[in-house]
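Read top to bottom, the protein sequences are chains A and B.
Per numbering that gives the first Met the number 0, the first sequence starts with residue 0, numbered consecutively.
Per numbering that gives the first Met the number 0, the second sequence starts with residue 0, numbered consecutively.
Please keep in mind that the hints were generated in silico from the structure rather than gathered at the bench.
Computed from a prediction, not measured in an experiment: that's the story for all the values here.
Glycine residues also receive a C-beta, built at the ideal position from the N, C-alpha and C atoms.
Be careful, since some hints might not be right.
[To be verified] Pulled a few chain A residues facing chain B out of the computed Cβ check, cut under 7 Å: (1) Tyr-17; (2) Gly-73; (3) His-77; (4) Val-80; (5) Arg-92; (6) Ser-98; (7) Tyr-108; (8) Arg-109; (9) Leu-205.
[To be verified] Per label pair, the in silico range of CB-to-CB distance: (10) Arg-21/A <-> Arg-103/B: 22 to 30 Å; (11) His-100/B <-> Pro-5/A: 29 to 37 Å; (12) Glu-131/A <-> Ala-168/B: 30 to 38 Å.
Chain by chain, the residues:
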Amino acid sequence: MSESEPPLLELDRLEVSYGAIRALRGISVAVRRGEVVALLGANGAGKTTTLRTVSGLLKPRSGGVLFRGERIDGVPAHHVVALGIAHAPEGRRVFPVMSVLENLRMGAYRFRGGARREDLDRVFGLFPRLAERRTQLAGTLSGGEQQMLAIGRALMARPELLLLDEPSMGLAPMVVRQIFEIVREINQQGTTVLLVEQNAAQALRLATRGYVLETGAVVMEETAEVLLRDDRVRAAYLGEGAA
Amino acid sequence: MSSFLDYLTLGIVLGSMYAIFAIGYTLVYGVLQLINFAHSEVFMTGGFVGMIVLTEFAPSRPHGFPSVLWMVIGCLSGMVGGAAIAWCLERVAYRPLRKAHAPRLVFLLSAVGASFFLYNLCGKLFGRTPIQVPSLYTNSVLFHWPGTSVEVRVNQVVVVGAAVVMMIALDRVVNRTKLGSGIRAVAQDAETAGLMGVDIDRVVSRTFVIGGLLGGAAGFLYGYAVSGQVVFTMGFVPGIKAFAAAVLGGIGNVRGAMLGGLLLGVIESFTVPLLGSEWIDVAAFVILVLVLMFRPTGLLGERLGRSA
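Full structure from sequences and hints, please.
What follows is the structure, given as structure tokens:
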């Protein structure tokens, strides 16, 4: 990749507030095409806020969000998805009284002609469990299946950039490994991924690079290998050493 | 037996009108978790617009095909009038509050205020006495229930027929179209629907319009075929009944509103022979309270998705 190409996504000194509370205090993050970038940090560090600002659910108070070099902050969420950014939100947020298939079709809502056969086939290829349960209501799926559905639904929008918020939340370790394996496959098929995780160990095994957030600011920015070996990260987020 | 069928017929006629009226409450509740108390004025508008169109434009004694044609025109104009008012209500009374993230109570006050404004405006414009809706045909007996002398009249068939057509059309829109899936998605999780590319404002606006089309039709049918007249307060009591019907079926649930409307109409109708006509409103609401005591989410449950 040439040095001159702008990052696919760039957050430039982003500040976001909820009323008087400053959730993000001027963070700068870059995601290059083809990468998996992990945002790590404790609860309340601002990870989810960052993703919600990128996808247009929140408006920054100052700073900018640049996608392919163009400002997109202030663009409403339903237009952001059409630019090529899909968001699998925290807590999965599948539509509970729609079937698996209807949920996937919702993912393709931005397309005039609706869901495309080949996109459905791709998602069902990645997640055979969803194919088995295509007529089942999403609210009756297990947590792992709902997470698969949330990711599959995001893929239906054919995103260039996939925002994944805590895909491991509340899932058994085996299911988490399985889902991360599939995220790797999605990335290898050409989708750039910005991943928010509390499960730092899993996230860093998958990520190219990572950022550590604390109370709304970036405190570390390193390649995944460096972060995995860093004593502070190991202590604080990997549950090792002097935690 | 024959009087049973008589009251059943009346109940179905009244109930199918309540049903299409109730759908407007339930749809809006589904997408906004808001009771649009001004929906009764959408109904009234439908009645008045239909009356005006028929008075001003329809020939005085149409026969045959023109009768049917003018009936359809009257109903369509009532629908358009209802939809226009519903669209304005959303823009003027609700959207600014949504944008300001106003608390729930403010929406309610805005709804009641809009309702007062609209019906008083109508009273001011058209006077406060009932106005006859011109009739387009003789409301003669169309058929008898098989094997009995119970009559079914043209108007009754028109009301039920129109309501059935509209309910089928609505069910298709909600379940089979892109707008319908947008409506259901917003009802289940508006923010996530936005992430999928659903323009929430547009979906909300169109939901009001759909409710307005049905509410306007209900108003026209009521004015033309049930009471034969329109008056500025005509929306109030049927509005409360239709709202009750929506709650009875499960607020937010489209099929629930249809079922609730029909049931309420039939219950009201049978109250007359069993208890006397002065008990109609009491009976309707006692049933509502009883159902909610045992099934707080209504007969079919609250959920636009399921319903719908």
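Here's how the hints hold up against the structure:
For Tyr-17/A, the interface hint is violated, the least distance from its beta-carbon to any beta-carbon of chain B being 12 Å, above 7 Å. With a least beta-carbon distance of about 15 Å to chain B, the hint placing Gly-73/A at the interface is violated under the 7 Å criterion. At its closest, the beta carbon of His-77/A sits 5 Å from a beta carbon of chain B; the interface hint therefore holds under the 7 Å criterion. For Val-80/A, the suggested interface contact is upheld, since its CB lies about 4 Å from the closest CB of chain B, less than 7 Å.
For Arg-92/A, the interface hint holds, since its Cβ comes within 7 Å of a Cβ in chain B; the closest pair sits about 4 Å apart. The criterion of a C-beta within 7 Å of any C-beta in chain B is not met by Ser-98/A, whose closest approach is roughly 10 Å, and the hint is violated. Below 7 Å, beta-carbon pairs count as interface contacts, and Tyr-108/A has one with chain B at about 5 Å; its hint therefore holds. Residue-level restraint check for Arg-109/A holds (minimum Cβ-Cβ distance to chain B is 3 Å; threshold 7 Å).
Checking Leu-205/A against chain B by beta carbon gives a least distance of about 23 Å; that is not within 7 Å, so the hint is violated. Between Arg-21/A and Arg-103/B the Cβ separation comes to about 28 Å, which falls inside the hinted range of 22 to 30 Å. At roughly 35 Å, the beta carbons of His-100/B and Pro-5/A sit within the given window of 29 to 37 Å. Range check, Glu-131/A to Ala-168/B: Cβ separation about 34 Å, and the 30 to 38 Å hint holds.
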